[in-house]
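Starting from the two chains in their separate frames, assemble the complex, guided by the hints.
Here the protein sequences come in this chain order: A and B. If you're matching positions, the first sequence starts at 9 in the working numbering and goes up one per residue. If you're matching positions, the second sequence starts at 485 in the working numbering and goes up one per residue.
To be clear, the hints were calculated from the coordinates, so they are not data collected in a lab. For glycine and all other residues, C-beta sits at the position ideal for the given N, C-alpha and C. One or more hints might be untrue.
Said to hold, decoys possible - Quick list of the computed label-pair ranges, beta carbon to beta carbon:
id : chain 1 : residue 1 : chain 2 : residue 2 : range
1  : A       : 396       : B       : 635       : 17 to 23 Å
2  : A       : 400       : B       : 752       : 41 to 47 Å
3  : A       : 190       : B       : 496       : 54 to 60 Å
As the list claims (entries may be wrong) - Residues from chain A shown here face chain B by an in silico Cβ test under 7 Å; the list is partial:
id : residue
4  : 44
5  : 59
6  : 230
7  : 399
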Amino acid sequence: MPEIDRRHLLKAASATSVAGLTGLAGCLGGGGGDADSLSIGVVTDTSGPYAHLGNSVIRGIKLGLAQSLDADTEELADSNTVEGSGVTVEILTEDSGLAADTGRQKARKLVQSDEVDILQGSVSSSVAAAVQDVATNASTPMFIDTAAATSLTGENCNKYTFRTSQTTYQDALAGGKYAAENLGSNFYFVGADYSWGHDSVAQWKSVIEENGGSAAGESFVSPGTSNYTPYLQKADESGADSIVVALTGTDGIRFSRDLADFGTDFDATATGVTTVPWMQQVGTAATGFSAIPKYFWPFPDNSTNEWIIEQYSSQWNTVPSIFTSGAHAAGYAIGQGMQSAGSNDADPLIEEWHGMTIEKTARGDGAYTIRECNHQAEFPMYLGHFEETSGGSMDVEPVLDDTFEAQASIRPCGETGCSGIEL
Amino acid sequence: MTPLSVGLGDLATTFVNGVSYGMILVLVALGLSLVFGLMGVLNFAHGALFMLGGYIGLAVMELTGGGITGFVLALIIAPLVVAAIGAGLERTVYKPLYDTEPIYQLLLTFGLAVVIEEAVKYIWGAAPPGVPPRPAVFDGAVVFMGISLPYYRVFTILLGAAVVAGTALFLSRTRFGLIVRAGVYNTDRTATLGLNVERAFTAVFGLGAFIAALGGVVYIYRAIEPSVGASIILPAFIVVIVGGLGSFWGSVIAGLLIGIIWQFAAVYAPVPAGTVIFLVMIAVLLLRPQGILGEAEVEV
Chain A
9 MPEIDRRHLL KAASATSVAG LTGLAGCLGG GGGDADSLSI GVVTDTSGPY AHLGNSVIRG
69 IKLGLAQSLD ADTEELADSN TVEGSGVTVE ILTEDSGLAA DTGRQKARKL VQSDEVDILQ
129 GSVSSSVAAA VQDVATNAST PMFIDTAAAT SLTGENCNKY TFRTSQTTYQ DALAGGKYAA
189 ENLGSNFYFV GADYSWGHDS VAQWKSVIEE NGGSAAGESF VSPGTSNYTP YLQKADESGA
249 DSIVVALTGT DGIRFSRDLA DFGTDFDATA TGVTTVPWMQ QVGTAATGFS AIPKYFWPFP
309 DNSTNEWIIE QYSSQWNTVP SIFTSGAHAA GYAIGQGMQS AGSNDADPLI EEWHGMTIEK
369 TARGDGAYTI RECNHQAEFP MYLGHFEETS GGSMDVEPVL DDTFEAQASI RPCGETGCSG
429 IEL
Chain B
485 MTPLSVGLGD LATTFVNGVS YGMILVLVAL GLSLVFGLMG VLNFAHGALF MLGGYIGLAV
545 MELTGGGITG FVLALIIAPL VVAAIGAGLE RTVYKPLYDT EPIYQLLLTF GLAVVIEEAV
605 KYIWGAAPPG VPPRPAVFDG AVVFMGISLP YYRVFTILLG AAVVAGTALF LSRTRFGLIV
665 RAGVYNTDRT ATLGLNVERA FTAVFGLGAF IAALGGVVYI YRAIEPSVGA SIILPAFIVV
725 IVGGLGSFWG SVIAGLLIGI IWQFAAVYAP VPAGTVIFLV MIAVLLLRPQ GILGEAEVEV
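Here chain B stands alone, though its shape is the one from the complex (with noise of 0.2 Å):
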């Protein structure tokens, strides 16, 4: 095939791989924004937070015998003990630091992300960790007009869309959720109401490293190793500024908006792909220097 036969199928290929990665981005970046947007807090331990997700998400997997029954088991088991590993790290470790420099905070996570991953070597090792087979329900691909999708890519996508959904609803929707928008707006008056916003800061926290670990679990059938999280938090950190910091809708806008572009620029562009997600920061703080839903809270 020449360069001038591409055609709106190939178009139409690239769009939807696009889509399937930037959902991977969001994932990751989800919690990250949503613990900046109520608390403030830059996480640097969130991508270690991913990691470990993945590493309890294998545990679960070979305790069950793997399989569709050990996946499905992980992806509800591993985020319910990180996001109490983090809600613990929250009460104790993070508390503190409320009040502070940002620059504290820095330190504090980025600290926190290296015990976490030296942890992780401690118990599992340095190397790649074996994995069992990928369940043979995700074997194959949706054809769909000349487009390809794998199963597994699809699987990601609408675990993604359930995630943003459910979080969405869960702040817009629900009495905590409300109790975590007005602690966000004015934490001093929502306390003199008699409502426990502590508690609710420790649940979104919580909230936070649940969504990661799920990205964990569901990146164990790309590639898990210890450091897996801190080169995934570099891109998660671009799509929630491009997104606008603290911005939930932004991020979720950011992370489809950088895949979709980065798949565009690495099968058509002349510029090394790997550029290409800097370029799109850059691009957006000179025209947008907030963001694009940039406002230092949550959008819902």
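Chain A extracted, bound-state conformation (with noise of 0.2 Å):
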């Protein structure tokens, strides 16, 4: 292989957006792509109080891509190179720190010096949006595996984008539905003082009022608050029987925890709160929260999930985490692209992944597929809720109540503000 071929430095001249050359790429790319290698840069939080989605997102891709390569997983916690049926891939981790400028620079790294085929990311929205900008000027291909924010793959795709994980429109149009069906009529909202919040409470409210349930009132809050009992009492007074919260890491922690000692009255649905270490850590105050719309690991019932949570129990001696299921979508997509395509070039590649059915994930044979019209995964969406247990190593196990399919849970095409997909 020549020190620098041309697809490198394509890459490299246009992710520095030198003007012009960006164009030149359709004309000079293609060709001399190699089948039996493959490198990922993987932009993701390891260091911060996400540190464990990021890890999390790690192990998923390495399952995923070990699964489709029929790989040995023996070294798989210790290596961050897989090897199967002739094909080698390296995962190369850069952490973003939670913000974007970060996530930018490590991108860029990732894609100049690193010369990687593949971009993965982020657990924020913000970090993913700045590395899906690296990507695409860059003409690599992006698996998006955490951030949720609708725009990544609705007014912001494009043919170099992909998405495995739920955006919060997915979230929303599963649990509100559920909530409205099963939780209460009157809800009250409860949700972080950023985009994300803002985005998520309007999501529920407008799904939850469609499914014919009303909303009493809503309340944004800082992340770092401490105390939230105001607006336990505030949805109290608003007459509400049911509370929506979208909080994330100790902020839901808290509210949980307060939700527990004050509203025992209401009952609760969450996007955003309900993790595993929140579980760990809140114990029987989870109890509180139903019409969950997340995947955790006892919720589906097959040989794939199986293999996963065993894999996760033997490597890292922990359960997966509710991101697992579309990192691990996305590891066994990548190694099936790579297989069928037979190159590591980005377009043969894009047009295997364009409206790809995966062939095993953590919600059942093909239960995947990523759509055509905007490059977001459609599959089945889980709705659960949280029961005391005993004798294992948590005060609580996660409980499945229902199944929605895969269509019924995803914003049609033409709503998704994306103006479609030429390849």
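In structure tokens form, the structure reads like this:
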């Protein structure tokens, strides 16, 4: 392989926004693709409060790749190289520190210095948008595995961007519908006071109202708020019978404790709040939450999910996170696409992923389909709640209530804001 | 219920919840105020000691099998361990900086906070740790005249009050407290009289760390993770500023006042509650720049 081939030169040039060169990519690129090696640059959060999510995503990608390439999984915990079916995949990880600027720099470094074939990320939607920007300018495919902002595969959709994790709208369509039908009739909304919280509340509210529920009021709370009793008091005074919560991290933990102590009359549902570390920290306070539209490891009943749980337990001595399902699907899609395309070049890979049904996923065989209209994966959505348990290492366990069909849990192509994707 | 029917019961509920929130602020701010009042050191590492107390408390609870026994042991052992660490830091790291510019102290204590947080991440990991179930004695609430206050909040209020009273008595009624206060008034003269002022300062720094760690253990059942110290230090500083830099009783009053005002604002005011603590600070600094009980020394 020459030291600098045309493809990599073009990537580097366009990533630094040298005007004009990007347009030539279509003329000069292509050809010379390598069928036996691939590198993936992952920009995610591996140090901050959401490090458990970032780390679990890296594990999920490795598992998906290993399964699709039929690779040996024994060294998976310690190695960032997955080898199988004659293909060697190298995973390079970079920490975004949850900052968009850092994410952008790291993505540029991965594309320019490390010459990765695929970018992947990120926990925060603003970091994901920055990585998406770099990926698109460099004509490098990108998989989004955590970030949930609808715009990434909505207004900002393009042929290079694929997402296997769920959007805030998929959460709202499944969770909001289930909540309106099963939880209550009059809802109070508590959201984090930044774009994700506002988007989530607006989407849940519209879905709940479409399904016959009503909105009693709403509060937006600064991140880091240490006392949620005022909002429970306002919800109580509003006459609401249920609460929808869109908070993350320790805010979600503190809210859940206050809810358990004060708001025992409310049924609560949430987006963002419910993660595995949250369950381990709030314990029985988790039982106040239901209609949760997230993947929890006991929900799916299929051999791939069992294999993932087994691998997680033996390699990392823990259970999969709520983002493992999407990260595994991305890893599997990359391996599957690489084998079908017989190349690590962007264009043939993109053609494979465009409309791809992913063969093995944590939600079942062929459960994920990457839509041609906006490159967002559609998949069945789980709705669950938490129950007290004894004997295990945790005080509560997630229990599945219902599964919604993939198409019913995603906005129709015409409503996503994506103006279509031309290959 | 319509807004018009907001009665005395709702106001009382808001007030009591505000007091319980304020007491958490007092627990965090007290050690900070004490160390500033006696040594003039703005200790940015105070939040990290608070967080460290929570993690050591968790370790104690895990070793002792959790439950109420584990929690009580954590409330005793973690503050003692953190106090020892604090005293050790005072001897080795803080002491050479007493007579230097405040900027050196800021840099040093900020750096220490980073070191402690990274050490905790290295030992216990960056993700929020698992927490043993909260002891069952804290389940439920005191119901009094229509106001419901959960037991854990009652416990926090009582513990905060006990810490305030204990510290006040220590400073005003013990011989050691007398040396401390004399040392603050005039370090050189007190030393000339043959009293060991240095040892008193070390002990007070240890006491500040002890109270911080106690708050950290209480906070295990709010939410604990490595960055919790960094997020708690800002409101703590505001409480100390509003109370009057270094004023012991000023911090107590300011903590409770901010807790109550915040609670009322969050329920009734149309502004985002996150801004309230800053509005209170601005108002106090405009009307009374030295703070509520502002004098740069301990008032006991």
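Taking the hints in turn, this is what the structure says about them:
For residue 396 of chain A and residue 635 of chain B, the Cβ-Cβ distance of about 19 Å falls inside the hinted range of 17 to 23 Å, so the restraint holds. A hinted range of 41 to 47 Å for the beta carbons of residue 400 of chain A and residue 752 of chain B is consistent with their spacing of about 44 Å. The hinted range of 54 to 60 Å is not satisfied by residue 190 of chain A and residue 496 of chain B, whose Cβ atoms lie roughly 35 Å apart. The beta carbon of residue 44 of chain A comes no nearer than 36 Å to any beta carbon in chain B, farther than 7 Å, and the hint placing it at the interface is violated.
Annotation: residue 59 of chain A was flagged as interfacial toward chain B, and the flag holds, the nearest CB pair being 4 Å apart, inside 7 Å. About 3 Å separates the beta-carbon of residue 230 of chain A from the nearest beta-carbon of chain B, less than 7 Å, and the hint is met. Hint on residue 399 of chain A is violated. Least Cβ distance to chain B is approximately 13 Å, over the 7 Å limit.
In summary, the numbered hints that this structure violates are 3, 4, 7.
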